[in-house]
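Here the protein sequences line up with chains U and W, keeping their order. Be aware that the first sequence starts at 1, since it is given in the numbering used here, and climbs by one per residue. Be aware that the second sequence starts at 1, since it is given in the numbering used here, and climbs by one per residue.
Source of the hints: derived by calculation from the structure; they are not laboratory data. Careful, some of the hints might be misleading.
Each pair may be met inside one copy or between any two copies, as identical chains are not told apart.
To be verified - Using 20 Å as the maximum straight-line C-alpha spacing, the simulated DMTMM-like pairs for lysine to aspartate or glutamate come out as follows:
#1 339 to 431
#2 467 to 479
#3 338 to 462
#4 52 to 71
#5 339 to 426
#6 338 to 15
#7 338 to 173
#8 467 to 67
#9 396 to 230
#10 338 to 49
#11 64 to 345
#12 467 to 374
#13 52 to 40
Protein chains: 2
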Amino acid sequence: MNEIPHEKPYHLDPEDWAAFRRLAHRALDLAIEDLESIRERPVWVETPDWVKDRLVSPIPRQGKGLEAVLEDFYQLIQPYGVGNRHPCFMGWAHGAGTAVGIVAEMLAAGLNLNCGGRNHIGVELERRLAAGLAAQFGFPASADGIFVTGTSQANFIGVLAARRAALGEPLRERGLSGAPLTAYASAEAHGCVAQALEMAGLGRNALRSIVCDSQGRIRPDLLREAIRADRKSGMTPFLIVGTAGTVNFGAFDPLDELASIAADEGLWLHVDGAFGALAIFSDALRPLLSGVERADSIGFDFHKWAHVPYDCGFILARDGDSLRETFSAPAAYLSRAKKGLASGETWACDLGPDLSRGFRALKVWMTLQSYGTESLGAAMDANCAAARHLAALVNKSDLFRLAAPAPLNIVCFTTERPEGNRALVEALHLEGAAAPSLTLIDGNPVIRCALFNHRTEIADVDIFFAKAEALARQLIAYECSG
Amino acid sequence: MNEIPHEKPYHLDPEDWAAFRRLAHRALDLAIEDLESIRERPVWVETPDWVKDRLVSPIPRQGKGLEAVLEDFYQLIQPYGVGNRHPCFMGWAHGAGTAVGIVAEMLAAGLNLNCGGRNHIGVELERRLAAGLAAQFGFPASADGIFVTGTSQANFIGVLAARRAALGEPLRERGLSGAPLTAYASAEAHGCVAQALEMAGLGRNALRSIVCDSQGRIRPDLLREAIRADRKSGMTPFLIVGTAGTVNFGAFDPLDELASIAADEGLWLHVDGAFGALAIFSDALRPLLSGVERADSIGFDFHKWAHVPYDCGFILARDGDSLRETFSAPAAYLSRAKKGLASGETWACDLGPDLSRGFRALKVWMTLQSYGTESLGAAMDANCAAARHLAALVNKSDLFRLAAPAPLNIVCFTTERPEGNRALVEALHLEGAAAPSLTLIDGNPVIRCALFNHRTEIADVDIFFAKAEALARQLIAYECSG
C-alpha cells in the first residue's frame, strides 16, 4: 500500500454555506414549479440522442461543483422522466407523487439515517408504523413488518417466511435438501411471485398457476383440487399467494376463501397487495379485502396508490416471530448493548435481509399524517370513478370495445383489429398526449389504462379518449389508403 | 363492493402552492442549519419516552396538513437520529451524508421516477453509470449492473448469479434439486454472505469459513485445501466470496490470488466490497483492490465511503448476461415496444429482482459530478490518516492497547480488562460525546472505531481519545472504590 499523506482531512461540506443555501433554494423553487406546471407539458418526451451523448462520460476525477451539476440536471435530466406525475399518464401502476414527498425526502437525506438497526428515531418510527398498519389490516399485536423497496421484495420475504415455517429450523443451516414444496397463485398473479420461488431455490415450476373466473379472480374450487392432486403425487404444498389487485385488471382474489383453504390445509397465506392492499384506506373499496385479516403476511407498496415517492414497499407479517425466525442472526458487529446507541430489541435487520436501509418511514409518516387515510382513500375512489367513466366511453364508442373486465381502476380495451393497438399506444406516447400501456390478453396486444394518478380528473379521461379516437381514425384511414 | 360516489376527483396537490412553497423553503433552511451546526450538538441523544408516546397513534383518518406535521418532525424526529453525520461518530461503517445529497433527494422525489424499466432518463442514467463504474473497476464493455438498497442485496444477487452459472438453465424452472453446492469466504466475511446462501436455499452450512492470516485476510492455501477436500467428498464448489474491507478490521483479501484460484477451479468470484470497493477512487488505496478486475461480480455501497444518502448499493457483473440469465422474465405488462415509453432494450428489472425502484442514480451522479473521485478519495485517505493517528494514541496510552490489526480506517482497542469496554462505550453514547461501537474479538468485547466520516479531523480523534481516557480512569476508580 502506498503511503497515505497525513494531511489536513478533506471534508465534503460546502466551503460557502450561504452559496449552497442559495443553490438549494433555487433547486427547490424549480422542483416545485416543475410539479405545479405539470399539466402544461407533454406526458412524456423521449430522451434525445444529444442528451444521451452528453451523459456518456467516464466518472470524473475532478468535480465541477453543485452549481454546474444543477445546470446539467435541468438540461439533461428533468425533462425526460417517466411521465407518471402527469394526469394523462395511465400506463402502469405508478403513483404520482406529492409535494409533501419532496419535503420528506429532503429531510430524510438531511438526517441520513441508516434504518437497519440500533437505537434511534428511524427504527422507532418504523416500529410504530408497523403497529399502525397491523391495526389497519386487523392483525394481532404480535404482528410486525418492515419497509422494503417494493412488493417484489415483500413477496420474496413472504415466500421465505412461508418456506421457513414449512421446513422448520434446519432449513437455514442445511438448505432445501430436495423438499418438493409447491405454491399456488392465480393465473393473473404478478410475475414476481414465480421469481421469488426461483430466488428461493424452489424453481418456478413449484408455482401452480390456478385458472381464474371471468372476473380475473382465482377459482377456489380449482385451488383445492390442485392442492389435493399435489399431495397425492407426493408434493408438499406450503403456500398460497392471494392477489389483491391484479396487474392487468385490478381483480381481487376472494381472500376469505383463500384463508379458509390455507387453514384447512395448513398452508401459509401471503397476500400480494402491491397496489390493492392500501385500498383498505377507502370505505368503498375495503370490502374487496375481506379476509385479509386472516393472512399470514401481506406485501404492498406506498409508492403506488398512496403516492409516497419511489421506492417504498412494506412486508407485514401477522406474527413478527415468523420474520425473526427467518432472518435474525448473531454477528459480532450487530451485538446489542443494554444502553446507548447499540441497544434496542428488534432491529429491522432481524426482520428482513437488509442492514443498510434509508428512512422510508419518514415519507410514509409525513404522507399519512398530512393527508390522513380519508384523503388517500378518496383519491382511490376518484380513480375508480374515472375508470368507470372510461369504460362507459369505450362501450359507447364504435372504434373500441372492452377487452377485459374493469372492476376497479384499470380498463383494458381494443380496437376492432388488435394489431392496431400497438401503433396507437406508441403514437400517443410519441405525441406526448397520454401514456396508456399495452398488455397482452390471450396473446393479443390490448390498450391498458391504469388510473392511479390523484391528478387525473374526468376531464383528463375525456381528453385522452378523444385523442385515442382521433388517432384510431387516422390509423384506419392510413391503413385503408396504404 | 359498495357503490363508489362518482364525485369530483380528489387530488393531493397543495390547495395553496404559495403557502406550500413557504413551508418547503423553511424546511430546507432548517435542514441546512441542522447539518451546518452538527458539531455544536451531542453525537447522539436517546429518544425520550414522551417522544415515543407521542408517536404511538393509530394511522389518522383525517390529515393535519404539512405545517403541523413539520412541527412534529422538529420536535419528535430531528433530534433523535443515528449520529452518523457528527465528526465524533465512529461506530459503524456509515457514511456521513453531504449537502449535495439533500438537493439530490429533493429533486429525485420531485421527479418521482420508477427506475424498474421503460424508456426514460432514470434508466438511461443508470446504464451510463454502470458503464462508468465498469471502467473504474477494469471490467470489459460486456459488464452491467444496477443499484440496490445495499451490499446485503448485492451479495445476494451475486450468489444467485453464481448459482445460475453453476447449475445452468434448468435451475430457474426446477429449483435446486439437491445439488450439494459449496461456497467459500474468509472467517471475517460479513454475515450477509451466509444469509445470502440461506435465502438462496443452500443453507448457511454451504459456506466454508476459511481461516485468516494475522492481518485478517483469507489464507489462499487453506482456501485451496478446502475446495480440494470438498470435491473429494462429493460437493460441488461454485463460489468464492472475497472481502474488500472486512467489517471488523478493514482487511482486504488478496483478490488477485482469489481470482487465480477461481480461474483454476472454475468457480465464480464475487467481491464483497461494501465499503472497500470504492477505495478504487483513492490513488493510495487502489492497490489494495488489485485483482478486482478479474472478479465475476462486485457488490458495494455508495452510502458508506462515498457519502451518498441512504440507501444506495450497487451490484456490478463483469458479464451483464449473467444477470439477465438470472433475472429476466417475460411478462405481458413488461412487454417491450419498438417505440415510445415502453421501449428500451435492458431494463433494470432484467438485471435484478426489483420492478419498483427509486432514482438512486441521481444522487450518485450528482455526488460524483460535484466532487469527482479525487475529493471522495481524499476523504478516504484522511480517514486512514486519522485511524493511524488513533492507533498511535492507543499505543502510547497506558490505559488501552490495540486489540486487532488496524490496516485501514478501523481501529479496535481494549482496556486492560475487556469487561470495562462495554461500560465505556455505553457511557460515551449516553454522554453524547462520541459514538464508537463494540465488537467481539475471540469472544471478548472490544472498542471499535470505524472512521468513515469526511468531517472527522485529527482534532476530533484527539477529543474523542481524551474523553475515552478520562472515562476509563473514572471507571477504574469506580471499580476500585466499589
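*Hint numbers not upheld by this structure, sorted from lowest to highest*: Numbers 3, 6, 7, 8, 9, 11, 12, 13 - these are the hints that the structure violates, sorted from lowest upward.
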